[in-house]
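S.K.: Model the placement of chain B on the given structure of chain A, informed by the hints.
Number of protein chains: 2
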Amino acid sequence: MAPVTNARHIFIEIPTGLPEPGKHTAHDTSRTIDLENEPLHGGFLVKTLILSIDPYMRVKMRDASIKSYSPAYAIGEPLYGYGIGRVLRSESSALKPGDHIYGALTPHEEYFVRQDPEQFEVLKNEYNLPLSLFVGVLGMPGQTAYVGWKEFSKAKPGETAFVTTAAGAVGSFVIQLAKLDGLKVIASSGSDEKAAFAKAVGADVSFNYKKDSTKDVLDREGPIDVYWDNVGGETLDLALAAAKDYARIIECGMSSQYNASELYGIKNALFFVTKSLSLNGFIVYKIFHKYASDFYREVPKLVKDGKIKYEEHLKRGLDLVGEGLRDALDGRNQGKVVIVVADD
Amino acid sequence: MAPVTNARHIFIEIPTGLPEPGKHTAHDTSRTIDLENEPLHGGFLVKTLILSIDPYMRVKMRDASIKSYSPAYAIGEPLYGYGIGRVLRSESSALKPGDHIYGALTPHEEYFVRQDPEQFEVLKNEYNLPLSLFVGVLGMPGQTAYVGWKEFSKAKPGETAFVTTAAGAVGSFVIQLAKLDGLKVIASSGSDEKAAFAKAVGADVSFNYKKDSTKDVLDREGPIDVYWDNVGGETLDLALAAAKDYARIIECGMSSQYNASELYGIKNALFFVTKSLSLNGFIVYKIFHKYASDFYREVPKLVKDGKIKYEEHLKRGLDLVGEGLRDALDGRNQGKVVIVVADD
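Protein sequence lines correspond, in order, to chains A and B.
According to my numbering, the first sequence is numbered sequentially starting from 1.
According to my numbering, the second sequence is numbered sequentially starting from 1001.
So that you can see chain A by itself, here it is in the shape it has in the complex (with noise of 0.2 Å):
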């Protein structure tokens, strides 16, 4: 068979706000794969079916030599991030033609070869559940909101949690999470159509924070016992104010933080002390092993029975990468943002 072309989706530029796409990332054509004959050296060959378009790629985008929890993407490289594909072919134990595997480490190309099958795991997907999934409710979204809610938000019945950008992956099944512990949810989002998306998960109040102030919410529907936080900035700070003496908060995020030119500094520190809180960060890779077996004996169930409800905001191409993670970033995204590379 002849090489076929496969397409890659490089970084070209480190942004210094929003990422834009052509200019910081670009659809790259220029290489061809010849998926019978290319050399394995002992490895696995991989179609790209599936990418999860998330957040913490914007920190991947900046110089190498400024360390974080997550190393820096490589100009003229191509991203890579969570992602599903097929096997086409094997030379590893490990893999076999036909297995669906999923891993974080899948780059932003049509097709590729590794030999690191440690790196990823074989979906089982015995329910028989969209792909697409395994990114955002089955995958590290819903991974993220499960083991950090069940870590720390020791939540009780009765309980009142804020949980912002609800009507992300992330946000909105923390919510439903909340709700099945019999909390009240006060859910913040930025756009009528999220908040709208969080009340139907079932927050028991639901504001766009772009329209309504935050602070009248919380100083309203308030005091909160636990706090999801996925932006950071001035909302924790309010969030502080409006907190319970022992109040828990989860630091999932600060996406008001990521392309910030300036770092907004946290004033209501003092809390932490009077009102004796406590705060959690956490990346979700280093705790998950503690509840695997739960979650993956508990949510697919969930998912399939339809008791876990989610949304999905899915582009079809390699070439939409860069638009997607845009979306991602800004917020016009409605639903977890996918990248269908193939199908199957």
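These aren't lab readings, by the way, just hints derived from the structure by calculation.
Everything numeric in this text was worked out from a predicted model, so none of it was measured.
Any given hint could be a false lead.
[What the hints assert, rightly or not] Here chain B is said to cover these stretches of chain A; the calculated rule only asks that three of the stretch's residues, wherever they fall, bring their Cβ under 8 Å from a Cβ of chain B:
(1) 183–197
(2) 278–285
(3) 294–303
[Said to hold, decoys possible] Simulated restraints, written as ranges between beta carbons of each label pair:
(4) K309(A) <-> E1077(B): 55 to 61 Å
(5) A342(A) <-> S1068(B): 39 to 45 Å
(6) S1213(B) <-> D204(A): 47 to 53 Å
(7) D1216(B) <-> K211(A): 46 to 52 Å
Where is the CB? At the ideal position from N, CA and C, for every residue including glycine.
M.R.: Positioned in the frame of chain A, the structure of chain B alone reads:
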């Protein structure tokens, strides 16, 4: 017996910065008391011996309409705080003449009548230690260090702790607890004399932050696994920058903020997420009960055996409360500030 003067130290005016002796608090000798005939109404009459002067008292010198963890002092009424007295007369079955009692609501007056024995604890003092220690290493400051360290440090031998206001009653005990647990200790304090004391109680690295840059010391001697925060503000930001992954921040106080006209904004909050940090604020009296029996079994004996070092800054006379508070707040004290009101 004729009535005697019953001097009081009263709250006069709400300060904006540091409280000034004579302006914001004042000594008042206008009252008298008949020690033999003052009616007890089922309560008890106490002679005040020892008063503890602590930075948290500044938080109480505010407009009563501003909520906080600790009620505001009333204008025209005596200050109150941790203190020790001897019962002179009692109509309560809980207390008898001669008992030494300890409590957080001890008024700053020479004699007082109360009907709430449950607010006081009878000191056992089985090793016949100086009474002033029961407002220091054996009282609230020592208990604060003990419960904060035991509950939140998750200390492991070989780790590194950073302790602020390291020569204070709390900080100097924290250093010793950290050394008992096998940690390297970096100690920050505000004078060469204090730095020398922190070193003498066991700190591996001790510096005067007014002379040496905290950032430089942490760059050289860090990174850190545990941060004991007594100061907040920029030092907290620097500690967040110097924290290792999974570091624990123990929020005991933020003395840099109590008298600040403008609150410092914490800019390094994103590290909570990226380094999986935990932070816990606490108020000692709300969790001490969990550790009370351990504390009383372990600490008085350590003190008697000379295994815990401490330093006291004793002032003789109730009229010196204002000076004592100023010293404790602006840091000119060397050791725990204690007012000796009277001999036993």
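S.K.: It remains to establish, for every hint, whether it holds in the given structure.
M.R.: Hints versus structure:
{"no.": "1", "hint": "183–197", "verdict": "violated (count 0)"}
{"no.": "2", "hint": "278–285", "verdict": "holds (count 6)"}
{"no.": "3", "hint": "294–303", "verdict": "violated (count 0)"}
{"no.": "4", "hint": "K309(A) <-> E1077(B): 55 to 61 Å", "verdict": "57 Å, holds"}
{"no.": "5", "hint": "A342(A) <-> S1068(B): 39 to 45 Å", "verdict": "60 Å, violated"}
{"no.": "6", "hint": "S1213(B) <-> D204(A): 47 to 53 Å", "verdict": "49 Å, holds"}
{"no.": "7", "hint": "D1216(B) <-> K211(A): 46 to 52 Å", "verdict": "47 Å, holds"}
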